[in-house]
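Q: Since chain A is already given, all that's left is putting chain B on it; use the hints.
Residue numbers (this note's numbering), protein chains in the order written: chain A, 1 to 259; chain B, 1 to 415.
It is possible that some hints are incorrect.
[Said to hold, decoys possible] Straight-line distance between alpha carbons at most 30 angstroms, and here's what the computed DSS-like set of lysine-lysine pairs gives:
{"no.": "1", "chain 1": "B", "residue 1": "K396", "chain 2": "A", "residue 2": "K127"}
{"no.": "2", "chain 1": "A", "residue 1": "K129", "chain 2": "B", "residue 2": "K91"}
{"no.": "3", "chain 1": "A", "residue 1": "K134", "chain 2": "B", "residue 2": "K407"}
{"no.": "4", "chain 1": "B", "residue 1": "K94", "chain 2": "A", "residue 2": "K129"}
{"no.": "5", "chain 1": "B", "residue 1": "K93", "chain 2": "A", "residue 2": "K127"}
{"no.": "6", "chain 1": "B", "residue 1": "K275", "chain 2": "A", "residue 2": "K127"}
{"no.": "7", "chain 1": "A", "residue 1": "K126", "chain 2": "B", "residue 2": "K396"}
{"no.": "8", "chain 1": "A", "residue 1": "K129", "chain 2": "B", "residue 2": "K89"}
{"no.": "9", "chain 1": "B", "residue 1": "K89", "chain 2": "A", "residue 2": "K126"}
{"no.": "10", "chain 1": "B", "residue 1": "K396", "chain 2": "A", "residue 2": "K134"}
{"no.": "11", "chain 1": "A", "residue 1": "K157", "chain 2": "B", "residue 2": "K94"}
Derived from the structure by calculation, the hints contain no laboratory data.
Below, each chain spelled out in residue letters.
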Amino acid sequence: MNPILNVKDMSMVFGGLRAVDQVNIRIDKGEIVALIGPNGAGKTTFFNCITGVYQPTEGDVFIQAPEAAESTRINGMEPHVINEKGLARTFQNIRLFSNMTVLENIMIGRHQHLKTGVIGSMFKGKKVKEEEEKCIHDSYNILKKLNLEQFSNNLAKNLPYGAQRRLEIARAMATEPFLLLLDEPAAGMNPLETRELVKTINIIRDTENITILLIEHDMSLVMSVAERIYVVDYGKLIAEGSPLEIKKNPDVIKAYLGE
Amino acid sequence: MQKINWLEELKKSTLSALWFIFLTFPIMVMKVSTMGETPETFYRWGNLVYVGIGTFFLSFVWRYMHARKEFAAKKKSTEVGIIRSTLGKPKVKKPSLTALIVFLVAFPFIFSMYQTNIMISVLIYIILGLGLNIVIGYGGLLHLGYAAFYAVGAYTYALFFHFAQDWFYSLGLQTGLMFWIAIPAAVLLSLVFGALICLPVIRLRGDYLAIVTLAFGEITRMVLQNWGDVTQGPSGISQIPRPWFFGMRVDPIFASKYIYLIALAMVIISIILIKNLENSKIGRAWEAMREDEIACQSMGVSLARSKLYSFALGAMWAGFAGVLLAAKTTFINPASFTLWESVMILCIVVLGGMGSIPGVLVGASLMMLLPEYFRAFSEYRMLIFGLVLVLMMIFKPEGIVPRVRNKYTFEEEDL
Chain A
1 MNPILNVKDM SMVFGGLRAV DQVNIRIDKG EIVALIGPNG AGKTTFFNCI TGVYQPTEGD
61 VFIQAPEAAE STRINGMEPH VINEKGLART FQNIRLFSNM TVLENIMIGR HQHLKTGVIG
121 SMFKGKKVKE EEEKCIHDSY NILKKLNLEQ FSNNLAKNLP YGAQRRLEIA RAMATEPFLL
181 LLDEPAAGMN PLETRELVKT INIIRDTENI TILLIEHDMS LVMSVAERIY VVDYGKLIAE
241 GSPLEIKKNP DVIKAYLGE
Chain B
1 MQKINWLEEL KKSTLSALWF IFLTFPIMVM KVSTMGETPE TFYRWGNLVY VGIGTFFLSF
61 VWRYMHARKE FAAKKKSTEV GIIRSTLGKP KVKKPSLTAL IVFLVAFPFI FSMYQTNIMI
121 SVLIYIILGL GLNIVIGYGG LLHLGYAAFY AVGAYTYALF FHFAQDWFYS LGLQTGLMFW
181 IAIPAAVLLS LVFGALICLP VIRLRGDYLA IVTLAFGEIT RMVLQNWGDV TQGPSGISQI
241 PRPWFFGMRV DPIFASKYIY LIALAMVIIS IILIKNLENS KIGRAWEAMR EDEIACQSMG
301 VSLARSKLYS FALGAMWAGF AGVLLAAKTT FINPASFTLW ESVMILCIVV LGGMGSIPGV
361 LVGASLMMLL PEYFRAFSEY RMLIFGLVLV LMMIFKPEGI VPRVRNKYTF EEEDL
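Here chain A stands alone, though its shape is the one from the complex:
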């Protein structure tokens, strides 16, 4: 079976800086993979390249939906097109639509699953109303899955921090991806919230059949949730393997602790 994400020799160059340097990554269906590395190693740039925020300077990115027969090259596509193809992401510094309600945030995630056009929205016929009702209903169910339903009418900015992080995941899930990219989902969380997050991530993988790639600094989270780990430093991939292997890898220890 083909990998659902296949990154081949991808580089991203800003002027003289090679933020991502010849990285190769493969992710198979149903995995939980972590991407770790010291600060400034190029992890978020890697995410931005895959999701279309940046266009990679070199290399190829292929994705293949589980039900698709062939893989597609997605370099240089616009973010919303890549999202439509089944990749959804969260952000390191929370990027919610803060002045909209929690439910509306999810409804934005449902955007591309609604068929209504401009004229339809203006005149709001019966069909459009039904679709809208269904969208509200679907969004509410997504909130329920992540235990956010009690906040549905609150403004996103008024949510507690942990709930905002969860809302970002919920919003990404609303787009119905097959691969979910989480950028430091546990940043700023307390140990209790982190434990909750581990549970949530496992539930998403097991019940929703969504493959997960996450960037994280919290090693306890990475070690407990990830099945495979990639380590980058200075834009280069320096190690790959199971959590146990990574723990013992001398290159990784060097990168994190210095010589």
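A: Structure of chain B alone, referenced to chain A:
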């Protein structure tokens, strides 16, 4: 409210009074007369007392307003909120809405033509405000050239009349019919213009967008002013026909009533359409775009398309308002579409409350009616206007009638 420490407050006010006396001393008290042989300096000590007393009391008001703002942030219900929740009750909502509409429909038959004409301008500005609200309020795109689309609408009608009137006469048709042809034409044309201006600005945001749209507005005006062969230049186009009433030529008094009713109908239709847009896929995408462009793209919303819709639809309403203006005044020239006009419409949206339809209604009514009924203060109009804007931004930045978000209720059910 917490207890007020009067001594402390008195001290603060006295200090600000003294400070203002010191600051304004050279201009308010000293006066140099150059009439005589040698310059003489007069001291108008009386002014000193006025400045002192004025500042003393105003500083009290100032601090009271500040305290009130903080207090309002803590408690849930404000005056506007109370009015809104009372009006929102279904028992009150229906009759009051019906009464309002009946009153508005009856308005031109009760009041004089002068009043009706003022109300037509109010309605035109409401349409403009609703249109710009799509771009600024929902889309968050600072658009300073909105008057250009207003001009496109007005000139569509005017030029159509100017060039097609002979042809119309030769066909034996009435010129009053032109109004009805001009409306769809103007709406379409401004839609196209809105889409065109969107192309270069699709990647811009914030200040850059503001500058480009500002330039676009001025360019449009300059073209209208200098392309004399077509647009008649600064002298404008006159004798634009008023709409006829079912094939009858109508006198100006009746025409103003007629235009008023057309404008009113259009306002009501616009409110319904924009309200629908607001609660749709398109409206939500606009607001998401305003909140965070990168996140919005990553959630599958096409930024380019969203911006295009917002500019084009916003422009559409301006086009319509332009036709109404041309029909109402029967004369237009480029001077009606200056930057000042764009700023006025912007102020309507900002003062009323960004993204809020009732806000636009209130904003347009205040901005149009107050200067009209306080003609006595017309010399100080700009001064008062500026002051109100500054105070507004300090004490109520969200506008007079801020946007209220939809609340949804769910019945628990087994999933």
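Q: Checked against the structure, which of the hints given earlier come out wrong?
A: Going through the list in order, the structure violates hints 1, 7, 10, 11 and respects the others.
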